[in-house]
Amino acid sequence: MFEQQPFTQISESVTERDGTAYALVNSDKPGESQLLVRGTTEGFEGDTLADGSLIGPHSAHNAAVLRQRLPWLQPAVLGLQTSAGFGDRLGIATPGHVLATRGTGVAPIYAQQSVRENSRTGRTPQEVVDDAMWGAFEAGWHEPWGADADHLKTLEDIPPFVDAGYTFYTIDPGEYVDDAVETDDEETLQRKVARLPWADLQTTLAETIERYQRSVELDDRTLTFNQHELYKALAKYGGAVAHTARMARRLQELQGQRPFEMEMSVDETGTTTALLEHFYIAAELKRLQVPFVSLAPRFAGRFEKGVGYIGDLNELTQNINGHASIMRHFDNSYKLSLHTGSDKFEVYPIAVPATNGLVHLKTAGTSYLEALRLIASIDRPLFREIWDFTRSRYETDRRTYHVSARLEETLPAEQLTDEQLPELLNQFAPRQVLHVTFGSVLDTYGSDLQRILHANLPAYYTYIQRHFDKHLEAFKRQK
Numbered sequence: 180m181f182e183q184q185p186f187t188q189i190s191e192s193v194t195e196r197d198g199t200a201y202a203l204v205n206s207d208k209p210g211e212s213q214l215l216v217r218g219t220t221e222g223f224e225g226d227t228l229a230d231g232s233l234i235g236p237h238s239a240h241n242a243a244v245l246r247q248r249l250p251w252l253q254p255a256v257l258g259l260q261t262s263a264g265f266g267d268r269l270g271i272a273t274p275g276h277v278l279a280t281r282g283t284g285v286a287p288i289y290a291q292q293s294v295r296e297n298s299r300t301g302r303t304p305q306e307v308v309d310d311a312m313w314g315a316f317e318a319g320w321h322e323p324w325g326a327d328a329d330h331l332k333t334l335e336d337i338p339p340f341v342d343a344g345y346t347f348y349t350i351d352p353g354e355y356v357d358d359a360v361e362t363d364d365e366e367t368l369q370r371k372v373a374r375l376p377w378a379d380l381q382t383t384l385a386e387t388i389e390r391y392q393r394s395v396e397l398d399d400r401t402l403t404f405n406q407h408e409l410y411k412a413l414a415k416y417g418g419a420v421a422h423t424a425r426m427a428r429r430l431q432e433l434q435g436q437r438p439f440e441m442e443m444s445v446d447e448t449g450t451t452t453a454l455l456e457h458f459y460i461a462a463e464l465k466r467l468q469v470p471f472v473s474l475a476p477r478f479a480g481r482f483e484k485g486v487g488y489i490g491d492l493n494e495l496t497q498n499i500n501g502h503a504s505i506m507r508h509f510d511n512s513y514k515l516s517l518h519t520g521s522d523k524f525e526v527y528p529i530a531v532p533a534t535n536g537l538v539h540l541k542t543a544g545t546s547y548l549e550a551l552r553l554i555a556s557i558d559r560p561l562f563r564e565i566w567d568f569t570r571s572r573y574e575t576d577r578r579t580y581h582v583s584a585r586l587e588e589t590l591p592a593e594q595l596t597d598e599q600l601p602e603l604l605n606q607f608a609p610r611q612v613l614h615v616t617f618g619s620v621l622d623t624y625g626s627d628l629q630r631i632l633h634a635n636l637p638a639y640y641t642y643i644q645r646h647f648d649k650h651l652e653a654f655k656r657q658k
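So the sequence shown is residues 180 to 658, counted in the working numbering.
Mixed in with the good hints, there may be bad ones.
Claimed, not checked - With a straight-line Cα cutoff of 25 Å, these simulated SDA-like cross-link-like pairs (lysine to any residue) come out:
hint	residue 1	residue 2
1	Lys208	Pro560
2	Lys208	Lys649
3	Lys649	His321
4	Lys465	Thr383
5	Lys465	Pro560
6	Lys332	Pro470
7	Lys655	Gln260
8	Lys371	Ala462
9	Lys465	Lys208
10	Lys332	Lys208
11	Lys649	Ala462
12	Lys655	Leu495
Claimed, not checked - Ranges between beta-carbon positions, derived for each pair:
hint	residue 1	residue 2	range
13	Asp399	Thr450	16 to 26 Å
14	Glu598	Arg428	54 to 64 Å
15	Gln594	Glu365	13 to 23 Å
16	His633	Arg281	35 to 45 Å
17	Thr596	Glu432	50 to 60 Å
18	Gln188	Glu602	37 to 47 Å
19	Thr623	Glu361	20 to 30 Å
20	Gly435	Glu652	52 to 62 Å
21	Lys208	Ser556	18 to 28 Å
22	Glu574	Val256	56 to 66 Å
23	Glu652	Ile489	14 to 24 Å
24	Asp207	Arg281	36 to 46 Å
Hints were generated in silico from the structure; no laboratory data involved. Ideal Cβ positions, reconstructed from N, Cα and C, are used throughout, including at glycine.
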């Protein structure tokens with residue numbers, strides 16, 4: 180197929196279905212490609228060649244037609260498989276993600292972006308899905324992959340992701356989580372519980388007390404809801420459960436008969452999710468028939484952006500084992516989700532055996548950091564400029580993230596040698612500074628980054644694969 184020149188085909192992309200052949204071919208611009216269709220070309224936009232084949236752009240229109248022709252390029256639901264989400268803030272990282280995923284048995288979510296990330300990168304939900312699809316096509320990925328509408332907070336957030344064909348919806352009801360209950364007195368707790376949206380919870384306080392004020396036998400421990408602990412769980416998470424149920428109902432209305440799955444995420448809150456609180460959340464979501472496939476609690480210790488786990492690993496081991504025992508109590512009907520999961524290499528060997536693989540790993544900005552690592556190696560003047568710029572933006576951009584890096588722990592570019600520049604990506608404080616300033620960097624240097632990365636895509640894919648090979652090692656399906 181595609182023997183005719185002058186096109187240079189990307190071999191992994193070549194595929195045939197129902198008598199029509201498809202491939203990506205390199206264009207005149209470095210790192211850019213076009214779609215070549217030979218056979219039935221109806222519906223595609225582009226230029227018709229002398230032999231009747233068609234060559235066209237990476238347009239939204241062509242992406243939609245290609246998804247109809249090649250069903251494996253449509254996002255799918257992944258269920259309870261061990262899974263991982265790969266955020267891609269530049270829209271070009273998916274072939275590297277495929278290289279790392281292939282052969283591991285880990286079900287991938289290649290399109291993953293939050294409303295916050297879309298606003299900072301200037302991309303739409305449809306563009307995120309299309310970019311991931313083109314990357315999966317380029318790399319020859321024919322297995323199921325998902326699309327995660329990450330950290331949805333309001334009913335108004337949902338429609339653009341539904342329209343773009345997302346299959347996984349992460350509901351973030353963090354604004355309805357009341358962390359102050361940890362220090363509230365009994366009178367305050369009772370007042371907060373009385374004000375809960377009981378109509379949305381489809382129950383009453385009296386029914387809830389009867390349902391939960393008891394002991395629960397798990398496989399390795401006993402949980403006991405006395406009135407104080409129950410009221411804390413209600414006051415802290417009752418509003419979040421109600422909001423998640425509202426979001427689920429809206430999703431069901433919009434999705435219609437199309438399958439989808441949901442995650443509830445309370446990781447970006449101020450206090451740890453107690454085991455009793457996890458039990459309450461899961462039991463209420465099931466009672467309300469919310470179709471959740473995973474739950475992201477706030478674990479013990481700190482999961483900060485772009486760096487390893489901060490805390491006592493023995494405590495975390497006990498904590499994850501406890502959360503996993505609750506998951507087993509509910510017949511292993513959902514997964515535990517590790518949010519802000521990138522670069523937590525100490526955590527993966529704990530989480531995988533504790534959950535018996537019922538786990539979802541969510542990463543966001545680590546592929547962007549690998550792009551900066553490459554830039555630091557091949558265009559040092561640009562990286563120096565970016566580094567000083569990120570230092571100037573850090574105090575502003577960090578406000579919406581849980582990070583603890585301090586600027587005084589970093590040095591300006593003029594005090595660093597060329598050899599020290601790539602090493603910044605291995606250091607705690609510089610790594611966080613670079614991580615949370617991505618939106619400002621892309622606003623200012625986005626075209627420069629894209630130009631250099633497109634000219635060095637094989638190297639970028641290698642960087643990504645090497646980095647995610649380390650992430651996915653503990654998650655590989657044992658044969």
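Structure-based check of all given hints:
no. : hint                        : in the structure
1   : Lys208 / Pro560             : 24 Å, holds
2   : Lys208 / Lys649             : 33 Å, violated
3   : Lys649 / His321             : 23 Å, holds
4   : Lys465 / Thr383             : 16 Å, holds
5   : Lys465 / Pro560             : 55 Å, violated
6   : Lys332 / Pro470             : 17 Å, holds
7   : Lys655 / Gln260             : 11 Å, holds
8   : Lys371 / Ala462             : 21 Å, holds
9   : Lys465 / Lys208             : 52 Å, violated
10  : Lys332 / Lys208             : 40 Å, violated
11  : Lys649 / Ala462             : 35 Å, violated
12  : Lys655 / Leu495             : 22 Å, holds
13  : Asp399 / Thr450: 16 to 26 Å : 24 Å, holds
14  : Glu598 / Arg428: 54 to 64 Å : 56 Å, holds
15  : Gln594 / Glu365: 13 to 23 Å : 55 Å, violated
16  : His633 / Arg281: 35 to 45 Å : 23 Å, violated
17  : Thr596 / Glu432: 50 to 60 Å : 58 Å, holds
18  : Gln188 / Glu602: 37 to 47 Å : 39 Å, holds
19  : Thr623 / Glu361: 20 to 30 Å : 41 Å, violated
20  : Gly435 / Glu652: 52 to 62 Å : 40 Å, violated
21  : Lys208 / Ser556: 18 to 28 Å : 23 Å, holds
22  : Glu574 / Val256: 56 to 66 Å : 41 Å, violated
23  : Glu652 / Ile489: 14 to 24 Å : 22 Å, holds
24  : Asp207 / Arg281: 36 to 46 Å : 30 Å, violated
The structure does not agree with the numbered hints 2, 5, 9, 10, 11, 15, 16, 19, 20, 22 and 24 stated previously, though it agrees with the rest.
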